[in-house]
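Start from the sequences and build out the full structure, keeping to the hints where you can.
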Amino acid sequence: MNIRNCLIFLSALCLFSGCATQRVPIAADPLEGFNRTMFTVHEGLDTVLLKPVAQGYDAVVPAPVKRGVGNFFENFRDVARSGNAFLQGKGRQGVTGLGRILINSTLGLFGLFDVASEMGLQKGTEDFGQTLAIWGVPSGPYLFVPLIGPSGGRDIVGFTVDAYANPLWYLTKDEIAVRNSLIGIYTMHTRANLLPADRILSEATWDKYAHIRSAYLQRRAAITGRPTLDDYDDLDDPPDGE
Amino acid sequence: MKRIISLLFSAAFLFAAPVINAQETAPDALVKSVTEDVLEIMRQNKDIQAGSINEISKLVDAKVLPHFNFRRMTQLAVGRGWRQASADQQDELARQFRDLLVRTYANAVVSYSNQRFVFKPLRMNPNDTEVMVRTEIMQPGGSPVALDYSMEKTEQGWKVYDVVVGGVSLVTTYRDSFAQEVRAGGIDGLINALTEQNKALQARQNQT
Chain A
1 MNIRNCLIFL SALCLFSGCA TQRVPIAADP LEGFNRTMFT VHEGLDTVLL KPVAQGYDAV
61 VPAPVKRGVG NFFENFRDVA RSGNAFLQGK GRQGVTGLGR ILINSTLGLF GLFDVASEMG
121 LQKGTEDFGQ TLAIWGVPSG PYLFVPLIGP SGGRDIVGFT VDAYANPLWY LTKDEIAVRN
181 SLIGIYTMHT RANLLPADRI LSEATWDKYA HIRSAYLQRR AAITGRPTLD DYDDLDDPPD
241 GE
Chain B
243 MKRIISLLFS AAFLFAAPVI NAQETAPDAL VKSVTEDVLE IMRQNKDIQA GSINEISKLV
303 DAKVLPHFNF RRMTQLAVGR GWRQASADQQ DELARQFRDL LVRTYANAVV SYSNQRFVFK
363 PLRMNPNDTE VMVRTEIMQP GGSPVALDYS MEKTEQGWKV YDVVVGGVSL VTTYRDSFAQ
423 EVRAGGIDGL INALTEQNKA LQARQNQT
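Protein chains in written order, with the working numbering: chain A, 1 to 242; chain B, 243 to 450.
A few of these clues could be false.
[Claimed, not checked] Listed next, the in silico DSS-like pairs over lysine-lysine satisfying Cα-Cα at most 25 Å (straight line):
id: 1; chain 1: B; residue 1: K362; chain 2: A; residue 2: K90
id: 2; chain 1: B; residue 1: K288; chain 2: B; residue 2: K300
id: 3; chain 1: B; residue 1: K288; chain 2: B; residue 2: K274
id: 4; chain 1: B; residue 1: K362; chain 2: B; residue 2: K274
id: 5; chain 1: B; residue 1: K300; chain 2: B; residue 2: K274
id: 6; chain 1: A; residue 1: K208; chain 2: B; residue 2: K441
[What the hints assert, rightly or not] Sample of chain A residues lacking proximity to chain B, with all beta carbon distances greater than 10 Å (derived):
id: 7; residue: V24
id: 8; residue: G33
id: 9; residue: V41
id: 10; residue: G44
id: 11; residue: L45
id: 12; residue: G56
id: 13; residue: L87
id: 14; residue: R92
id: 15; residue: M119
id: 16; residue: V145
id: 17; residue: L147
id: 18; residue: R213
id: 19; residue: A215
id: 20; residue: I223
Keep in mind that the hints were calculated from the coordinates and are not lab data. Note that the structure is a prediction, hence the values are computed from the model and not measured. Virtual Cβ for every residue (Gly too), placed ideally from N, Cα, C.
As structure tokens, this is what we get:
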């Protein structure tokens, strides 16, 4: 598809997803119209491809194997977590991360078992988006990226840096087919983990987009300790008539 | 002598009054006892573990809901629009929102019945009327998830008015979509949207 067709396709989607609706503007989401279109694209891909595949995986693969798959990827992701902990000045969490990688790669049989957690070495929550936030980089506009999910100007850069910091990327440098398969498995596994949340989300609200956005912005604000631009200034309305 | 005795008595009453107040369950103790109570019942009740919606809602109605202030939750979720609403509309909003939350989350709670909960020490001054009670859910193979309760002191004891999971407030996540409905269709528009959502959920739950 060339770029012009792409644009026509997107504006057609825009019509269906109600870009024309007058919405309460949200300061943190200046690109809401575009983001909602991307969300529709994502939901479409999810309905026809991601979700059915994840459901199949979830139904067929036994729980211990699933746990092994998750642990295997998480072990590689611990590298970026540990590095980010150091970059954020959390030396202790950084060392814990290194200890986790060492233990899980050996005793945990190449990361298939998360022995370190059982020994009390807790997995970190650090990522490069947070590191940038702590260095003072502003959050930028909220973004919804198909297949990746909720993100932001700053966090999508963080996401990319963390992906490149994953050793699997270099280990599979000459084996593109293996790399693509691993990305496929990881995506399927991650999506399968979200299946329970999926149900809650579709029951909890008629506007999934707004719900996800709010949860994402709150979560990022909480773990970076830096509130995002928002318009929740009236949260402290005095109680009336009670 | 009589006077002394009566003085003693009145003194005793003076002291007794604050003692009675202090016996009101502290917010952290309340969270702990309700959580443990509910987990215990869930682990023992086979119907609940099999996902019986009837049994789950009975448990939630009896043990959990009395400790929530849904009016305050709704007020916070609706935000600015709350003041435009008449008393009747406020009642209806609170009722529908409560329904929606219960329908959505009652089932989800069951999946946590085998997790370990850690109760964090409470930091509060004796005169505080609002506190945050902090707990953590330890997940096997994952980082612990923070589960915090915003609570306020009322005449009927401490009540929860928000639940915050990993920094995400249950009430706040509804603010944008609620504001949108109020803007598009007024308070009645929001009531309508909530009612429709509840109807759809009820239909879906009756099917299964």
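Outcome of the hint check:
{"no.": "1", "hint": "K362/B to K90/A", "result": "holds (22 Å)"}
{"no.": "2", "hint": "K288/B to K300/B", "result": "holds (14 Å)"}
{"no.": "3", "hint": "K288/B to K274/B", "result": "holds (23 Å)"}
{"no.": "4", "hint": "K362/B to K274/B", "result": "holds (10 Å)"}
{"no.": "5", "hint": "K300/B to K274/B", "result": "holds (20 Å)"}
{"no.": "6", "hint": "K208/A to K441/B", "result": "holds (17 Å)"}
{"no.": "7", "hint": "V24", "result": "violated (5 Å)"}
{"no.": "8", "hint": "G33", "result": "holds (14 Å)"}
{"no.": "9", "hint": "V41", "result": "holds (21 Å)"}
{"no.": "10", "hint": "G44", "result": "holds (21 Å)"}
{"no.": "11", "hint": "L45", "result": "holds (23 Å)"}
{"no.": "12", "hint": "G56", "result": "holds (21 Å)"}
{"no.": "13", "hint": "L87", "result": "holds (19 Å)"}
{"no.": "14", "hint": "R92", "result": "holds (15 Å)"}
{"no.": "15", "hint": "M119", "result": "holds (13 Å)"}
{"no.": "16", "hint": "V145", "result": "holds (19 Å)"}
{"no.": "17", "hint": "L147", "result": "holds (22 Å)"}
{"no.": "18", "hint": "R213", "result": "violated (7 Å)"}
{"no.": "19", "hint": "A215", "result": "violated (5 Å)"}
{"no.": "20", "hint": "I223", "result": "violated (6 Å)"}
Checked against the numbered hints above, the structure violates hints 7, 18, 19 and 20; every other hint is satisfied.
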